[in-house]
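Student: One-letter residues, chain by chain:
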Amino acid sequence: MRKFWCLFFMFWPVLAIWLCWVSPANGWWFPSIAPWELGQQIDDLFYLLLIITTVVFIGTQFALGYVLWKGSDVKPGRAWFSHGSHNLEVIWTILPAIILLFISLYQMDVLARIRVMSKFPEQASRDPIAEVTARQFEWRIRYPAPGKKLLAQPQPDDLYTVNDLHVPVGQPVMIRLRSDDVQHSFGLPHLRLMQDAVPGLVIPVWFRSNAVGKFEIVCKELCGWGHYKMQGELTVELEEDYEAYLKALQEKMNDDGYPADAENAVAQSDEE
Amino acid sequence: MSIATHDTPGAHSHDDHAHGGHHEIGFVRKYIFSTDHKVIGIQFLITTMLMLMVGGALALGVRWQLAFPWQWMPIAGDLEVFQQQGGIISPEFYTMLFTMHATVMIFLVIIPVLAGAFGNFLIPLQIGADDMAFPTLNMLSYWFMWPAIFCFGISFVIGGVTAGPAAGWTSYPVLSAIISAAPGSGPAQTFWLLAVTFVGVSSMMGSVNYMTTIINMRAPGMTLFRMPMTIWGMFITAILQAFALPVLTAAGFMVLFDRTMGTCFFVPAGLVVNNADPTIGGGQPLLWQHLFWFYSHPAVYIMLLPAMGMVSDILCTFARKPLFGYKPMVYSMSAIAGLGFIVWGHHMFTSGMNPALGMTFMVSTMMIALPSAVKTFNWIGTLWGGHLHFTTPMLNAIAFVSMFIVGGLSGIFMAAVPVDLYIHDTYFIVAHFHYVLFGATLFGVFGAIHFWFPKMFGRMMNDTVGKIHFVLTFIGFNGTFFTMHLLGVAGMPRRLADPYNYPYLEHLLPMNQFMTYSALLMGFAQFLLLGNFFYSMFWGPKCGRNPWHANGLEWDAPSPPPHGNFESIPIVYRGPYEYSSPETDKDYLPQTEYISPRPAPAPSTA
Ligand code: HEM
Ligand SMILES: [Cu+2]
Ligand SMILES: [Cu+2]
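For the record, the sequence lines run as chains P and L.
Reading the first sequence from the start, the letters are residues 1 to 272 in my numbering.
Reading the second sequence from the start, the letters are residues 1 to 606 in my numbering.
The shape of chain L in the complex, shown without the other chains (with noise of 0.2 Å):
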């Protein structure tokens, strides 16, 4: 099971490249067509990094509009474009804000920088091999990404800049199928469906690569249960991407359809929508919503389990303890992905959708929820007991832990179909996917980014500023999105350009400020992350092969490794996270070293 093909012919010609470092390759193929795995996934990084910057702006303006309604915006209010309606937030605009807010956030942050920056720099290095199995394919997985960036430009600028695709990341049909019934984003809602298909042939090439990869060349000894976290993390995703990921497309282009060629997927006959043909039809928009969560409610895990395995190591890493219940880790997160193909329509208790198939997803939901739980009292065992280190990557894990809690203990609320019947489309249901996918998933990738930064770059990060930077983001962070919940209790319906419309709701605009406020802190923060990454790069203290000493075999390379990774391929004797190990006087133990048996029984790793 877990023999390496090292002795593949193309394997061995990239180990040549690692000897003989004196091959030449040019400027651009070595650092922009790129086909080694590092250097792409370095270019994810820095890709997403600054999606990241742009999709904040896009909430500053929606979080703008929540706590000034109508009033002058700062900064963007002086701009021609905005001079047409005063320089505000018209409601058009708000529905493009927080509709691509939401598409950027996902479509070209997370989702990429799990797999397409985490994935490419540290499957090969954690499992012990040269490169992707498909190099060529992986730097064409990049490169997708710029159609998708492109296209999805364009739908902010082409029906003007204040009109763009306004139909919600779910682009819920009808309304994103008739052209008519959102007049301002006509061809911008088609490219944003053309953007999503480019995001997901990215995806798809990531994925095959991933699953090739890892399925074949491992390093000798590297059985999959000495798999660090992180590759299971990886290794699952690509499974949920490759099985989820052709129902979105196939959808996708059944809108494009629809709005494009006339066809009626999604579209009842009958409707009274301004100047289009009623006696057309024959579609059922409900199919949309089943194809649609067929693939995002996965896709929420595509977000999510490569951070958890991250996690994991970090906090082995620095509480310097092995993994608490490895296996059941294993075996959780495989639980979490198999039942994520059965609770999509946790989606769509209130759609209209059989009662009796709102109850199935029900307990199928609640069900979701335990492996999320195990996982969880695992994080903490494995801090039971350690001696901790706080450092930068480690506070950022250990907020991870935190904040999954509370993410996972709102999602219970929801997944309760009666009580979704009240809090669905409330703030309730933001608070809670913020506090995975931000308060999670995001804090898992920074305290990656400061993890394995030095690997990337051979330098250290400021560890002064990355406290800094963690700090105003936790607080920013809590600010803004626990108080989120509250609004969801109090029936804040989500998507409204002004809530305070309502009179039941007008008491909340004090809370929406300090709301505000707390975001405002949480986006300056992250100039920090920026400034700290940007100097280091190039002015970051030198750092040795393993300056964390940690056990995986990636600190096993120079750092940053030469083309090719490893000076000879390593041999893996033991689990990645044998910490304060008893067989030796460090307290870690790589997982190549190797030990002379000692006649005491060694404890196995499993």
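Just chain P, with the same shape it has in the complex (with noise of 0.2 Å):
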């Protein structure tokens, strides 16, 4: 039964590791690649931390697990008598204290071109490509015309649209990101990127994305009973194809709901 113990304890973490290495295989890993460079490095880094906390990881439950089946011998004589080891102290205090030290500063410039407005790309953010505002429960989009730039202040020819926020392939853009009413926050998973929008803050936020196609738009703070339906879709798509998005928006915007041919009759009725 002592021995039993020993392997309970020393069972679990090998189930564990086997878990994480099966993951990937079956889905419970990350969605999908990061489709651009930042994104990546986040992942680099994730992986990172994976293997150095599973090295420690490994040691520590193999070290306990030694000392436990050490401990459970049934033996004559006493236990040790120690009061501890100063070396030991020394040195396990030192050594992981340059890692996380290490690990902490390693993360700095990462970190720095995702939120530091300094670093940001120039083109992304002398141009902010839309507005995003959270409300309960959807992300409105506020795209400036076609040609001109987004304001601070809504503009009569912008144009709107709800949950769907389409931005070129390839390209930095920045988003500028505010709340109507709680807090929200945007997130896209497959781009490793999220950030919480506050009320009464306007929040400067840049990605770039260099596949095309479609992509989730999370909400990740909670925002009140409805939070787990605010989802929205970010759509990246060819330059041309982005512009022409745009266009058929704002003909849209535009339309006054009669047909062209319509109106035509119309005109025509007038000269008879």
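No lab work stands behind these hints: they were computed from the structure.
Treat each hint with caution, since some may be false.
[Stated by the list, open to error] Below, computed lysine to aspartate or glutamate pairings styled on EDC-like, alpha-carbon distance capped at 16 Å:
(1) P/Lys149 with P/Glu122
(2) P/Lys229 with L/Glu506
(3) P/Lys75 with L/Asp587
(4) P/Lys229 with P/Glu138
(5) P/Lys229 with L/Asp498
(6) P/Lys214 with P/Asp180
(7) P/Lys119 with P/Glu37
(8) P/Lys149 with P/Asp127
(9) P/Lys214 with P/Asp164
Two chains, two frames, some hints: make the complex.
Tutor: Here it is in structure tokens:
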């Protein structure tokens, strides 16, 4: 029975590691490859941490299993009368300290490139592509009219959509993120990105996708009963498709509801 | 430094109780409005164990929805109140479920079971005092839990059982500050805030009492560095409470004012919320996050340090070995407490606060993993070369160490801000804090219950049932929570009533069903604990003073100790962990045992 407990405590870390090992093949892992370099760097950092923590995990769980195994022998005499070891304490303080310090400094650069305004790509921060306003329970999107710039104040010729954000592929783009009511969070899991939308603040968010396609926009901050259905869609498309999309949007907005030939018919009957 | 103030008149009158047991007190004063720290501790313990079942039931509701979304609820679905929504969990109800689950578990289980139950029971016994410094205040600290439980209870039912406080346990404004932002939870959220205030008052009363008692009432010879780790844990926790709690209380009142009196501490202008006036405002929602986490990060250590202490005691006792690195253990605990005050921003990496602050908090958060690591190494060192006895308390204590490693390591991922941009508010976070709060703290508490039960009631708990409870809980726990890391990596957000709305999460349903079955197993296992506890209270085999052959002062008192605890004031000669000392023939050496000096130099205790 004594050995059973040792095996019991040694068994579960093995199971845990096995589970992590088979997870990617079963879809219990990142939803897809991040389609841009910072997203990939985030994944790389994740894997670096995974390696470090796995080593520590195996090391400590193995040590635990070992001392349990040794201590479970029924042997004559007494336990080792020891109050500790100064040298060991020094080693196992300094070593993790160095590793932890390294990890935190190593992350700084990626963080700065994602978050610090002055490091944003020039092109993106000069011309924000859209304003995304979160509200219970939808994403409202405001684009400037084609050829114009997005201004802080809404303009009469601005274009609006709901839950449907289009961006051109391969270009850094920046959105202005706002909230109309409570706190929400603009999450792009496929791009490994999220930013809270805080009422009263306008927060710039930049990203780029090098792959065309559709990605989910997820609300990641509890915003009320309908939080679970606050779903949007990011469409990444070729530059010309994107421009065509905006054009179409503009035409739809300027449309007064009469089909063109009906309008002609009215004009003709006037002539008669 | 170490002189105990046992000569105070108050202390003497209590000693008289101990000697003259015939001094009659009525049932009400003895068991209900008692000022005896042991009775109060047991009151806290039983209350929190019942609350554990309530919180667990709420969690099973959450798990039901995640495994079988929008399907008829077993048992509860038949109830009258759920008929309107067809016996299923509505999104409002789901939001309320996870909000109240966290609330109950944090404010009514973990915090009071550590400080309230074990703090009360153990502090005077382990430092050799006859009671707390302020017994009446102590009684009040228990009875202030009840207004809190009452208010939480009201907040369940006031909007109809199916809608309650629905802003999460973190209660971020504006959702929690403007009533019309969360229609169903109007008065419920207000009562929730009141309840949190009451819990705070209760904790504060305890905290003042513990600090005073530990500083002033130690037995002769009980120097600071001869205190058991449990006492260190309780002491540091009390200090954390005293410094952090006022911030939460003040912030709670600010939200209350925002809700009820039209102030705008957290409400900016220009909002478009159902029928609310958009012209008022000027507040800042992020302020709440700063204030809340300034309390709640230290609070996670309030929910951990006492358990770390108790586990250290248990490991030494059943390894028959001194604690490995007593002083490093004390220092690392203090370091955790100190650093704990400068890491709160790690909950706000995605909130839109200044990125430079984010970087600062990243470094401080990484650093707080260091003392946690040191403690883990020392626990393993403690077991190293021991003669292990795999009793129920020991198994739970080993599980504490094993699980805490996972929780600490997952913390590193989240402390790395770029990675947190992906995993924040996903199930990875949920996995992390369950590994530390359940895997570590709660296993520690289970260990402590089995370990000190004989002292509480003079009877033993059944060891076989204890082991079955342990195994089932351990398996259920890992089945439920380890898998959550993977859901987090797959990007599944927390707090979604129906994650499968998102196509990229649809395939996670079977995994979630597995987790729900594991959670059910774990839930049912807790009935074994309750059954064992209440059965053994009356019918367990009787035990003597020191059934585990342990060293602490508490084992020097009768089981259960009478009012006033010790027959005579104990005198302390050494630290609490002198197991297998060559100075004696037994493999333990109680703190109170006097040994005439031998010619050989005795190893210093420190
Ligand atoms: C090894 C040291 C630890 C580190 C580095 C760490 C780091 C973190 C970080 C960065 C977060 C925020 C993650 C996010 O929301 O994105 C977090 C959340 C949390 N941590 Fe830890 N943690 C550690 C230990 C602990 C311990 C010991 C406890 C409790 C006993 C704890 C309890 C929590 C809780 C409850 C939350 C989530 C709160 C919420 O959002 O509801 N952590 N931790
Ligand atoms: Cu939301
Ligand atoms: Cu924290």
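Student: Is the straight-line distance between the alpha-carbon of P/Lys214 and that of P/Asp164 16 Å or less?
Tutor: holds, 10 Å
Student: Do the alpha carbons of P/Lys75 and L/Asp587 lie within 16 Å of each other, as the hint requires?
Tutor: holds, 14 Å
Student: Given the hinted pair P/Lys119 and P/Glu37, is their alpha-carbon gap at most 16 Å?
Tutor: With a Cα-Cα distance of about 15 Å, the restraint between P/Lys119 and P/Glu37 holds, given a limit of 16 Å.
Student: Decide if the proposed pair is consistent with the structure: P/Lys149 and P/Glu122, CA atoms, cutoff 16 Å inclusive.
Tutor: holds, 15 Å
Student: Measure nothing beyond the straight line between the CA atoms of P/Lys229 and P/Glu138; if it is 16 Å or shorter, mark the hint as holding.
Tutor: holds, 8 Å
Student: Against the 16 Å threshold, does the CA-CA distance of P/Lys229 and L/Asp498 hold or violate the hint?
Tutor: Distance of about 8 Å is within 16 Å: holds.
Student: Is P/Lys229 close enough to L/Glu506, meaning Cα to Cα at most 16 Å?
Tutor: Holds - the C-alpha atoms of L/Glu506 and P/Lys229 are around 14 Å apart, at most 16 Å.
Student: Is it true that the CA of P/Lys214 sits at most 16 Å from the CA of P/Asp180?
Tutor: Not OK: P/Lys214 and P/Asp180 at ~26 Å, beyond 16 Å, violated.
Student: Has the given pair, P/Lys149 with P/Asp127, been kept, meaning a C-alpha gap of at most 16 Å?
Tutor: Holds - the C-alpha atoms of P/Asp127 and P/Lys149 are around 7 Å apart, at most 16 Å.
The structure fails hint 6 only (numbered hints given earlier).
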